[in-house]
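Each chain, written out:
2 protein chains.
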Amino acid sequence: MTSSHSPGLSAPPHYSCMKRDPHSAARAGVLHTPHGAIPTPIFAPVGTQATVKTLTPDELQALGASLILANTYHLYLRPGADLISSLGGLHSFMRWPAPILTDSGGFQVFSLEGLRRVTDEGVVFRSHIDGSEHEFSPEKSIEIQEKLGADIIMALDECPNPLDCEYNKIALARTHHWAERCLRAHTRQDQALFAILQGGIFADLRRESARVLTSLDFPGYAIGGLSIGEAKSQTWETLDQTVPFLPEDKPRYLMGVGSPEDLFEAVERGIDILDCVLPTRLARNGAVFTSHGRLNLRKAELAADPAPIEEGCGCYTCRNFSRAYLRHLHKSGEVLGLRLNSIHNLYFLLSLIHRIRQAIFDGNLADVKQEFLSQYIPVEDTKQRYGNLARRRKPAVSAKSRIGNAS
Amino acid sequence: MTSSHSPGLSAPPHYSCMKRDPHSAARAGVLHTPHGAIPTPIFAPVGTQATVKTLTPDELQALGASLILANTYHLYLRPGADLISSLGGLHSFMRWPAPILTDSGGFQVFSLEGLRRVTDEGVVFRSHIDGSEHEFSPEKSIEIQEKLGADIIMALDECPNPLDCEYNKIALARTHHWAERCLRAHTRQDQALFAILQGGIFADLRRESARVLTSLDFPGYAIGGLSIGEAKSQTWETLDQTVPFLPEDKPRYLMGVGSPEDLFEAVERGIDILDCVLPTRLARNGAVFTSHGRLNLRKAELAADPAPIEEGCGCYTCRNFSRAYLRHLHKSGEVLGLRLNSIHNLYFLLSLIHRIRQAIFDGNLADVKQEFLSQYIPVEDTKQRYGNLARRRKPAVSAKSRIGNAS
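Taken in order, these protein sequences are the chains called A and B.
To convert, note that position 293 of the first sequence is 293 in the numbering used here; the numbers rise steadily by one, no gaps.
To convert, note that position 397 of the second sequence is 397 in the numbering used here; the numbers rise steadily by one, no gaps.
A hint or two may mislead.
Heads up, the list lumps identical chains together, so a pair's fine if it works in one copy or across two of them.
To be verified - List time: in silico DMTMM-like cross-link candidates among lysine to aspartate or glutamate, alpha-carbon distance up to 20 Å:
1. K369 <-> D82
2. K147 <-> D362
3. K232 <-> E208
4. K140 <-> E208
5. K147 <-> D190
6. K331 <-> E380
7. K331 <-> D130
8. K299 <-> D82
Please keep in mind that the hints were generated in silico from the structure rather than gathered at the bench.
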């Protein structure tokens, strides 16, 4: 029950590129961290409250997860960074032996519309749990993240509506200033502090963000402010206008993106790390991935269907259970259903990203993409627009309950 | 995804006694069924809706479960017995390869106060899910249980308030008549149909119930109508007045009982099988068993406690997680907490019943009991009285929602 983590004794995280796709900006590599190597490109399941919902660490590792994300905002409020630190840090607390990434808390705080006030100094906000007042400054966010002890931590950023040009200009200056303060405040050499680029869907702002932040020489760069209101085409255009201005020798992280079809689009544009609540959130809503698209387990026609979610799928769920049983569990509100669907969806996405990585090594990424997309029917783009901040990344709290017990 | 179960081809379930305790009525044996041997005495976890809440079949087997219970009332209403039958029966549907016991549905129907009407013919009741009207007769209960296909099935009984003497007299005659009709209706030779003794806390009624039902020569006998309102001392006195009138060569099942201290009391009185929702229900409420008594994980003093629930416990939860982490999961409403607590509580009870069985073979049951009780502080008897039917056995629906989605 004590920590296996020794802050400061490990080599700092660093990235090595191993192979480039000749036909796109895709690349395969490894991000070395004190808790092990992360093969890239990689998809990171989200463990907001120090648990990837419904699953044990053993199950996550069996599914092929090599990096998970936890949320600074949630853990700061409950159970608290000092408590986690006193128990040996996040790895020890949640018994996850492999790499962890924590976000800065900025995204969650900015999702608390009406409950926060931003100044150049930082953000004052009210807890969604009990309404108590708190402040995040760049220095405070780094202090909390050092206590949590993740391998990769994020600079505090301001995350505006990506379509609001005027506000993005103001927020961008603040984000850059905060990134500099985070860099100065950061002391743990065993953690990699990534900067977050902002600038909405505006090419000139994104370029400016890349210029300013790369001049500060961070060990990695995240692209924030996307997948939260813009059309998919705008997401990819923005990536096209941003990634070429990032250094080749540093990892690139696209925040909050992770539909199956998105993995190809992002990796082709040079992204190394993605995270998204989608696979586990869909699972809890009874929606599961198949090679033909999403399947809704609530459908009446599945009531007596003896087939697994997907024939030939190697996950525990498909090796054992029928669609009929999964539908029954979902309709009966049984927790086992949430688990089995989560196992399948994460297995699907993690297998897909591993297949994409292998395709980069094999030099046939375009073929693998075409083969996948010839079968897979994505949810229509109109349904993929995000009217609020609550869809892909983990907001502070769901739309249902603003002040209350978020689970 | 097809059934491995071949109705009618297997030998009928039968019991062999292997060892008797010289100082009590305790006995160790084996109940042979078409899905494997059940070592007795045994504790059966409850899987109301074809799932022991939060756990996979693999986990249950790893915990040492060799028999689970499922509820006829719930499965009849959702997803339906015909549907489960079309998918190969309950074993195949829920992928549980070992023995299953189904109750008759009577207990749940009688827990639907105000929503049911009983006659000598059977019970008319309204579904707690959608209010639709249904009828259970003895024949109907057997028909459903044959479709579900459990190894052990139960005769339809009427389960009254155990303290109401006059009503117990009326209900007893009905229960006996229904048992006879169940016996006539039952056709599947691979299933053992157990009768249920009733009679409340009244020794003469219990003796009468034993006399009538044993004359019909069932392959096993259950003691129903206890642990639902009477004091603990009355439960054990009733058992003292009942078990001696049951045949030695048939298994005896005490329904809805299963606190750790109860296991000793019941087994000493000659009980072979027990079931109870307690370990999994307590787990979901954040209460876990230790060798010193129950521990409430909500307690503030556990917030930073790095110890496991119990030092030296071999369960997955205790081998990996601190009380602090389990408390955090519980307070955050995280499903993983329900799982980890359920794993611990079932491991605790199943290990205890295995220890009790070994003690019978070793001839030192009294010593093992004394050793256990010298440390274990039970919840006070006053708190163990049951004001309604909802505590130990699975009622049709929790007190919270009468008509609605029971989970």
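For each hint, the structure was consulted:
For a Cα distance limit of 20 Å, the shortest separation of K369 from D82 qualifies neither inside one copy, at 45 Å, nor across copies, at 43 Å. Proximity of K147 and D362 under a CA criterion of 20 Å is satisfied in neither setting, with 41 Å inside one chain copy and 53 Å between copies. Taking the shortest alpha-carbon separations for K232 and E208, neither the intra-copy value of 22 Å nor the inter-copy value of 75 Å comes in at or below 20 Å. For a Cα distance limit of 20 Å, the shortest separation of K140 from E208 qualifies neither inside one copy, at 26 Å, nor across copies, at 75 Å.
Taking CA atoms no more than 20 Å apart as the test, K147 paired with D190 passes inside one copy only; the shortest distance there is 12 Å, against 60 Å between copies. When the C-alpha separation of K331 and E380 is checked against a cutoff of 20 Å, the pair qualifies neither within a copy, at 26 Å, nor between copies, at 38 Å. Only between protomers do K331 and D130 lie at most 20 Å apart by alpha-carbon distance; the minimum there is 13 Å, versus 32 Å within a single protomer. In the homo-oligomer, the alpha carbons of K299 and D82 lie at most 20 Å apart only across protomers (19 Å), although the nearest pairing inside one protomer, at 46 Å, exceeds that limit.
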